[in-house]
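> In case you want the letters, here they are:
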Amino acid sequence: MIKVVKKNEASALQANLLRIGSCLAALLAAAMLMSLLGYNPLVVYSEIFKGATGTLYRFQETVNKAIPLVILSLGISVSERMKFSNIGAEGQFYVGALAATFLAFNLPENIPAVVMLPLMMTAAVVAGGLWCLFPAMLKVRFGTSETLVTLMMNYIAIKWVSYLQYGPWKDPKAYGFPKMPKFTENEIIPKVLGIHAGWIIALVLVVLVYLLISKSKLGYEISVLGENEQTAKYVGMNTTKILLIAVLISGGLCGAAGMIQSSAIEKSLTDSMSGGLGFTAIITAWLARLSAPAILVVSFLFAMLLQGSSYLQTALQIPAAAAELLQGIILFFVLASEFFTQYKFVVKKSSKGKGAAV
Amino acid sequence: MSWLNAVELFLQTAVQMGTPLLFGTLGGILSEKVGHLNLGVEGMMLMGAVMGFQVGVLTGNPALAVLAAGLAGMIGALIYAVITITFMGNQVVTGLALTIFGTGFSSFIGAGLSGVSLPENVQASLAAVNIPLLSKIPFFGPIFFQQSLYSLSALVLAVLLYVYLNKTRYGLNMRMVGENPSAAEASGINATLYKYVHILAGGFCCGLGGAFLTLVFVPRWQDNITAGQGWIAVALVIFATWNPLKAIFGAYFFGMLRGLGFKLQSGIPIFGHNVVIPAQILDMLPYIMTIAVLVFITMNKKKENQAPAWLGSPYFREER
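Chains as they are written, first to last, in our numbering: chain A, 1 to 358; chain B, 359 to 678.
What you were told as hints is all true, and nothing was included just to trick you.
Which residues of chain A face chain B? A partial, calculated answer using Cβ under 8 Å:
| # | residue |
| --- | --- |
| 1 | L138 |
| 2 | F142 |
| 3 | V149 |
| 4 | M152 |
| 5 | I156 |
| 6 | W160 |
| 7 | A323 |
| 8 | L325 |
| 9 | Q327 |
Pair ranges (Cβ atoms, derived):
| # | chain 1 | residue 1 | chain 2 | residue 2 | range |
| --- | --- | --- | --- | --- | --- |
| 10 | B | S475 | A | T240 | 56 to 66 Å |
| 11 | B | P496 | A | L36 | 48 to 58 Å |
| 12 | B | F654 | A | Y343 | 33 to 43 Å |
Everything labelled a hint here was simulated from the structure, so no lab data went into it. For every residue, glycine included, the Cβ atom is placed at its ideal position computed from N, Cα and C.
All chains, full assembly: derive it from the sequences and hints.
Right, here's the structure in full:
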């Protein structure tokens with residue numbers, strides 16, 4: 001009979017090796033599936049790699065995809081660290097973009113970019129933060145599950161953007177197409193080294209979040225609160241205040257990601273601009289074990305997978321959906337492998353059946 | 359009279375629009391009642407939608423199509439169950455991963471299915487029928503009982519699930535597993551088995567919900583055909599406070615809202631004014647109302663309305 005027993009917690013090195021091992025196992029499993037479907041897995045993988053990094057343009061596209069993923073994952077990691085399960089990144093992303101767009105459409109066009117962009121960014125951070133603060137307040141006040149409220153609020157935000165796109169903010173000059181006007185030059189994040197400056201923001205934020213969590217008092221408090229709320233209260237921390245500040249940061253970061261995406265990539269606001277990144281970021285944050293530097297690496301690898309797979313269709317006539325299948329398979333393996341950092345299976349000979357187990 | 363007929367017709371459509379939601383919600387309830395929050399509903403619905411359609415096209419057999427849909431959802435649930443029960447993986451992340459996987463799976467399989475139509479006989483055998491006697495009830499008869507047997511089965515399933523949960527020993531045991539698996543095990547219940555069985559059954563329901571769209575309602579395959587209905591179902595589980603009977607009401611009500619969204623785009627006359635309610639605002643309502651319900655039930659702490667206590671937490675069966 002097979003039993004599950006606890007083992008000594010795996011060291012960080014062991015855990016990471018395990019995770020890499022499970023990724024390889026996933027790639028192997030996916031390869032078997034591909035061969036079964038009649039594709040050569042080696043060709044598929046090399047096409048994905050080429051699709052992500054083969055040319056300068058493709059590499060830039062990969063970075064473009066990684067930027068929002070990094071920032072969203074950072075946002076999620078802050079709240080997740082205190083066991084506040086924020087699955088509302090998607091919604092915070094949209095309200096951030098929405099607030100920035102509101103300013104872009106309503107402030108005069110002659111404001112220089114150095115003023116305009118920070119204004120838009122501030123609005124986005126505040127909006128995203130408040131969108132995350134609401135579920136946190138419900139949790140503090142009534143004990144309402146933040147997992148479910150943040151999830152619901154995603155769809156409220158998306159539908160709100162949709163409403164504006166199809167209604168009041170629709171571009172009258174778009175021949176009836178439901179889209180908003182484009183931003184003007186002063187509202188678009190400029191390019192640095194061929195990629196929009198969001199990459200610099202993302203890198204800076206990685207460092208800042210790392211410092212916040214690892215070196216600051218607030219970060220320490222957040223971690224203690226996440227480990228054990230009772231302990232945090234016992235040592236005299238104001239747990240409510242810490243929670244509310246941390247969710248403001250968390251939502252604010254997600255809002256910032258939305259502003260960057262709308263300003264630099266869409267150059268407008270659309271109800272489909274995230275493409276589910278807010279959910280993907282939960283996965284990347286989790287894969288990175290909420291560590292800021294690891295988020296950078298994992299998000300980039302994920303962006304490579306997303307970008308590279310989009311070339312499969314043209315290169316090998318494989319439906320683009322193969323990317324999602326592959327993502328799913330990798331995730332399943334990694335999720336299951338976490339188990340082995342804490343537990344192990346042992347085979348026991350059950351000699352006397354039930355009686356022996358008591 | 360024509361006015362009444364229009365309302366009748368509208369509500370008939372509302373029941374159809376509520377049917378996939380009801381299946382998804384029942385699936386969600388089955389899973390959450392044993393303590394597992396499965397955010398993969400959307401993914402499982404899509405898996406069911408595409409496989410039901412594919413098998414329907416290949417075999418021309420409606421029963422096999424429906425069965426395949428349920429099994430496809432069940433396979434999705436099996437992946438989720440293995441990871442979250444046996445490997446004690448993170449439920450939220452696993453559910454999200456399942457939705458990504460299911461979406462990819464359905465688009466992958468469905469790539470060759472766009473433009474294909476369902477065989478006539480499959481469509482015919484799933485078309486609306488008049489249930490003897492019941493469909494003769496004035497007003498309500500046509501709304502609820504002049505429907506496809508597929509729609510009706512959702513209704514029947516909800517009632518059965520209610521009875522199962524509240525009136526049988528298995529249902530009681532199952533709820534205990536969701537409330538406190540250790541206590542359940544102490545009283546001799548095999549928590550792991552209960553979890554597997556109900557999560558898989560939940561996946562089967564979700565698969566059926568998705569395939570209702572491709573086999574009855576649309577009936578075609580379109581990429582991402584559920585368009586977020588799986589998420590509405592996740593909301594509905596809470597809206598219905600984990601009660602299958604309330605789920606019937608909730609699903610048809612949300613179905614009606616969806617139907618209303620299409621109707622109201624051109625505006626309705628109210629006291630001589632043409633009032634336009636944007637569809638997107640109506641689309642928001644399910645989520646807003648779910649948050650309201652969630653806040654309400656956590657505020658007033660009535661015991662029968664609460665979420666299963668163990669919802670979302672992994673359970674490690676200690677060596678005894």
